[in-house]
Amino acid sequence: MSGLAVKRLMKELAEIQAKGTPEGIILLSADNMQEWVFLISVLGDETIYKGETFALRMKFGNRYPIDVPEVTFVANEQYQPPIHPHVYSNGHICASILGTEWSPVLNAVAICITMQSMLASNKKRIRPEGNDRYVKTAPSNPKLTRWHYDDDTV
Amino acid sequence: MDMSNHPLLASMDEPPPFPANYTQLRRLDRSVVCQICKEPFQAPVSIACGHSFCSSCIRSSLDVLKKCPSCNEPASEGSIRRNRALEEITDAWEESRPIIHELAQPPIVRKRPAPESSSKPSSSSNTKRLKPSSREASGSRSQSPTKSRTSNEDHVQLRQEELLDDEEEEDDIQELTENDEAPCPICQATLPISSIPMHIEKGCPPPKAKMNGAKKGNQKADWRKVFSGQGTTGKAKDVEMKRIIKPNYSIASPADLRAILSEYSLPTTGDKAALTSRVQEWIILFNSNLDTSHPSSISALRAKLSDLEASKRRDKEKGKDEMIAQLGQKGGLQKYAKDKRSEFDRLRQEIIERDKRRKDEEEGKGGRENAIEVE
Chain A
41 MSGLAVKRLM
51 KELAEIQAKG
61 TPEGIILLSA
71 DNMQEWVFLI
81 SVLGDETIYK
91 GETFALRMKF
101 GNRYPIDVPE
111 VTFVANEQYQ
121 PPIHPHVYSN
131 GHICASILGT
141 EWSPVLNAVA
151 ICITMQSMLA
161 SNKKRIRPEG
171 NDRYVKTAPS
181 NPKLTRWHYD
191 DDTV
Chain B
5 MDMSNHPLLA
15 SMDEPPPFPA
25 NYTQLRRLDR
35 SVVCQICKEP
45 FQAPVSIACG
55 HSFCSSCIRS
65 SLDVLKKCPS
75 CNEPASEGSI
85 RRNRALEEIT
95 DAWEESRPII
105 HELAQPPIVR
115 KRPAPESSSK
125 PSSSSNTKRL
135 KPSSREASGS
145 RSQSPTKSRT
155 SNEDHVQLRQ
165 EELLDDEEEE
175 DDIQELTEND
185 EAPCPICQAT
195 LPISSIPMHI
205 EKGCPPPKAK
215 MNGAKKGNQK
225 ADWRKVFSGQ
235 GTTGKAKDVE
245 MKRIIKPNYS
255 IASPADLRAI
265 LSEYSLPTTG
275 DKAALTSRVQ
285 EWIILFNSNL
295 DTSHPSSISA
305 LRAKLSDLEA
315 SKRRDKEKGK
325 DEMIAQLGQK
335 GGLQKYAKDK
345 RSEFDRLRQE
355 IIERDKRRKD
365 EEEGKGGREN
375 AIEVE
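Sequence lines, in order, name chains A and B.
So in my numbering, the last one in the first sequence is 194, and the numbering has no gaps at all.
So in my numbering, the last one in the second sequence is 379, and the numbering has no gaps at all.
Hints were generated in silico from the structure; no laboratory data involved.
A few of these clues could be false.
[Unchecked claim] Taking lysine-lysine pairs in the BS3-like style, the calculated list, with each CA pair at most 27 Å apart, reads:
no., chain 1, residue 1, chain 2, residue 2
1, B, Lys-246, A, Lys-183
2, A, Lys-51, B, Lys-42
3, B, Lys-360, A, Lys-51
[Unchecked claim] Computed from the model, here is a short list of chain A residues facing chain B with C-beta under 10 Å:
no., residue
4, Met-50
5, Leu-53
6, Gln-74
7, Pro-105
8, Thr-140
9, Ser-143
We treat Cβ as the ideally placed atom computed from N, Cα and C, and that holds for glycine.
So here's chain A without its partners, still in its complex pose (with noise of 0.2 Å):
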């Protein structure tokens, strides 16, 4: 990785060590500065996600923080993405925030809030329309997909 990329990480990792991570947010495992996990919760009796924890994975790429990380909810024995209307089965998630609304001044932790806000918004049950199409086609990465944001009530 480029030496911009680790230090502004590394920066961030420290401020997370510092001040911790907001609510409902935890830093599970950053053992690299390509790979970091974190656990959400959405918090208050308002939310369908109730007691539910989910684990995003981020990747960071050469050049971040102007490329936006490759985001995804884990998806495996432990783990479960939250059923949403713009999370697919396979943990990738439509969020024009992870696409040409990414900005370089964001940061991981902004990313999991947003993702948190997004999940405590939503009020139905469901998977995207055309889930089980696109998890059969999928690329591995999700920055390869095409995303089009069309709904931003959730």
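Using the hints provided, position chain B relative to the given structure of chain A.
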């Protein structure tokens, strides 16, 4: 996860933060930081909406998206203006930060401490921003704080010794002014005191002739050289310090890109994608280097570029390892075969054609040989 002793943060080179009760100072500290790299501004520039960033940060960002990263206003490279005042502010703050940081500490008992009592977290060893002030670099002191990074304890002890020393050696210190020369505390090269912080910031390049104080005789000779055109013949190639205009990458031919690269004596190897990314990186490095009053040398920029490419190559290698690991998994091989089917077919086709050509050539050759035999 336990964040108290994270292995990745062991090599962190951060100046210690201000104590929490000095919110104004913390705010000041944040305000000279670029929102993209989160480092103090380097070659700061402003764009049309009024937001400022490091020149290289915003140039990289605008290459990807023509918007202000902070406010989403449309932005273009043409609107980039050098922000001299911000650079001056950043430099001045960087220089005064260690002093103010020291003043903001709770008062230290002026007594040589017992080693075990000295591990205060507030004065952890430090780095980039703690430039030796002229006082510390006054030459009379061979031990400088930068050398004592090994442990916090040493550092604290040293700082307190310094406080004591200051009282004892006050007369000594006042004899030196900013224009005097002193050895750099890191590389020992002799430099004017005022230029040492910048010199360390740049990673201790060997001092240039022009930095060595005011040698008026030489200056005159240098100017004569410039006017008679001798100055430019000294080097094999002299680079014009003028902003590079971006080529249109989609229509530029590899030869065009190579021409740009060779103008700056850069490697011209690789396919068009490699050439394009090299030209792009170089233009960012070169153009942002023109937005500062402490520019790096062209050779330093070349070194930066080659570092960048090396790190990209390393990442690629790593990606390969990951792929190999994936192939070992169940179903990985089939998936790989499916993904690479078209590439495989293409290579197969090429080999068939190559063999055919070779065979044809061989036959032709054979024919000639026969002819020779006949002769």
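We went through each hint and held it up to the structure:
no., hint, result
1, B/Lys-246 - A/Lys-183, "violated, 37 Å"
2, A/Lys-51 - B/Lys-42, "holds, 8 Å"
3, B/Lys-360 - A/Lys-51, "violated, 59 Å"
4, Met-50, "holds, 5 Å"
5, Leu-53, "holds, 6 Å"
6, Gln-74, "holds, 8 Å"
7, Pro-105, "holds, 6 Å"
8, Thr-140, "holds, 8 Å"
9, Ser-143, "holds, 4 Å"
In summary, the numbered hints that this structure violates are 1, 3.
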